[in-house]
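Line order of the protein sequences matches chains R and W. For the first sequence, position 320 (counting from the first letter as 1) is numbered 389 according to this note's numbering, and the numbering increases by one without interruption. For the second sequence, position 185 (counting from the first letter as 1) is numbered 254 according to this note's numbering, and the numbering increases by one without interruption.
Be aware that a few hints might be false.
It does not matter which identical chain is used: a pair holds within one copy or between any two.
Here are the computed lysine to aspartate or glutamate pairs in the DMTMM-like style, where the Cα-Cα straight-line distance is at most 25 Å [to be verified]:
| no. | residue 1 | residue 2 |
| --- | --- | --- |
| 1 | 281 | 292 |
| 2 | 348 | 308 |
| 3 | 207 | 170 |
| 4 | 207 | 235 |
| 5 | 389 | 235 |
| 6 | 281 | 308 |
Quick caveat, the hints were computed from the structure, so don't treat them as lab data.
Number of protein chains: 2
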Amino acid sequence: MNITILGGGGFLGRKLANRLAKDGTLGGTRVSSLVLFDLTAPPAPEGAAFPVTSIGGDLAELPDGVIPPGTSVVFHLAAVVSAQAEADYDLGRRVNVRGTDAVIDACRKLASPPRVVFTSSIASYGGGQNVVLNDSTKQIPGGSYGAQKAAAELFLSDASRRGFMEVVSLRLPTIIVRPGRPNKAASSFFSSIIREPLLGLQTDLPVGDDFKVWVASPRRAVEWLLHAATMDTSGMGLDRSLNPPGMSVNIGQMLAALETVRQGAGTLINRISDPALMKLVSTWPAQFDTARASGLGFSAHEPLLDVVRAFVEDDLAPTKAERGIA
Amino acid sequence: MNITILGGGGFLGRKLANRLAKDGTLGGTRVSSLVLFDLTAPPAPEGAAFPVTSIGGDLAELPDGVIPPGTSVVFHLAAVVSAQAEADYDLGRRVNVRGTDAVIDACRKLASPPRVVFTSSIASYGGGQNVVLNDSTKQIPGGSYGAQKAAAELFLSDASRRGFMEVVSLRLPTIIVRPGRPNKAASSFFSSIIREPLLGLQTDLPVGDDFKVWVASPRRAVEWLLHAATMDTSGMGLDRSLNPPGMSVNIGQMLAALETVRQGAGTLINRISDPALMKLVSTWPAQFDTARASGLGFSAHEPLLDVVRAFVEDDLAPTKAERGIA
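The whole structure should be built from the sequences, with the hints applied where relevant.
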């Protein structure tokens, strides 16, 4: 099985590549090769028993060889994230829309249609704090990132209907706890308020304790991606997008979990006001009915405390090393 | 008021241009100039008291001057229609998506954001014969045309939110009775079964008498476009798309109206089978709850018999002349 990860240099792409290297198989089939693609050639995972090719470039001008003949599975995780797509309209459109078109065109050239797993986002919805959404809810995005993701879902579903590929789009929740550095996603602070105090660093919190957010852990997201790559999609019909079973938590619960794992860490959090960011994240939905995804075999979420502990286990030491923290 | 009609050579664009020429005003404001744009430079309407510029070209490479400085209203009617977008994926994407991006980019350059009236389509929905849709229904298109229109709505709504324009997207019903020649829309036969017999010509009918279709007349569509160009949009929020109040009719009712207007005309209709076309049009919705559009001042539809009589009055003689029928 030949696999490509677009956005293979991102934190989720790296975790996915590491998992494939560790398992050596996907859905019971041996992995025979892996291509990693990102803006700059991503590092190969350690210990892979299969050849890994790393390629850097522009998604919208997808270089030959990124989705080579014989590719069976493409993980399309490459994106310009929310706050950046809002700040730079042209860049967001280029990567999130033209880039997705380039993926479609590369898949069209293959002799047999590959499975494509696309990471869409709950930012493709409006809704806000006080509604429960489901897979039948109309997507009315409050930002350019969400609009571009919703449009990409449409193009990929259509490409799937036409037989160019077989897509499964997952509208990922806000992922906590992201390792590494804060990024340009408007949702970055949801991870920072756990990660930074665990690193002994101060961090800003622009919303109140009762602010709710729909989240998933990196471990759970990787499990979902692997499931989407091999699941039976024959019953999905024309709607190829899913809201996987994340969980709705509020800031107070997140801070309590942090306090359980590291007593006193909460003192490193500074309450601030950021109306522009608040306006954007307030349009995002905070709760979903995920019956459809559960019915299609997507695994339920582990408790919040496990999420914080998994970050300590999986990512705290690497993040410290990356950021030069003793 | 400076106005541009993209797709100004299409039958709806021509009717709209004729109406502006006749009225000399839009929403009570004097029309000071009109630009018509299409693949080839469209003919200017007769009797206009304002200068008309006709430009031909590729929408995706929108020439300078199509949306000149000072433009207040852009009617974006240009599209590759349903059956053609299904047959030629690249062309549909180029015109329906890249073309819409080009319109957004032209509007961004203007000193003040113009009103943009975009014709989306009910083909952006799935649903089929037996459901009633409304403005909250999720768009799950069954063809590339519908997917491209739904995505264009997302991009235009986002451009509107960003302040590049102020868009109103109308998901037009199937328009009956289209004048002129049969076109490449999968919906073409809904007009042909009225138009061709009135011209004394045989025509094919690929669905049964009880097949329902959501329709609007050219006269009603022009009224809606004019209303969308000048209505107060301040209460629309992020969702800038509307299902205007068309009407649900079945084939039997259409044939009865034809028979009332021209006795014996129905004998010119040949019942045929066309499974591919049937599959596509069967995914289109046939009934809508249009409370939102009605609340925003979009006018109710006239009876079906009036639609057939208006075709005879407005378009039968010009269509005969165009097609060389005595």
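### Query
Is it within a copy, between copies, both, or neither that the alpha carbon of residue 348 lies no farther than 25 Å from that of residue 308?
Intra 30 Å, inter 17 Å, cutoff 25 Å: inter-copy only.
### Query
With identical chains treated as interchangeable, where does the CA-CA distance between residue 389 and residue 235 reach 25 Å or less: within a copy, between copies, both, or neither?
neither (39 Å within a copy, 48 Å between copies)
#### Entry: Intra- versus inter-subunit Cα pairing at 25 Å for residue 281 with residue 308
between (28 Å within a copy, 24 Å between copies)
### Query
How would you label the pair residue 207, residue 170 (within, between, both, or neither) given a Cα cut-off of 25 Å?
both (23 Å within a copy, 22 Å between copies)
### Message
If the cut is 25 Å between Cα atoms, do residue 207 and residue 235 qualify within a copy, between copies, both or neither?
### Response
both (23 Å within a copy, 21 Å between copies)
### Message
Please sort residue 281 with residue 292 into within, between, both or neither, judging by C-alpha distance up to 25 Å.
### Response
Cα proximity of residue 281 and residue 292: one copy only (24 Å, versus 45 Å across).
Hint 5 from the earlier list is the only one contradicted by this structure; the remaining hints agree with it.
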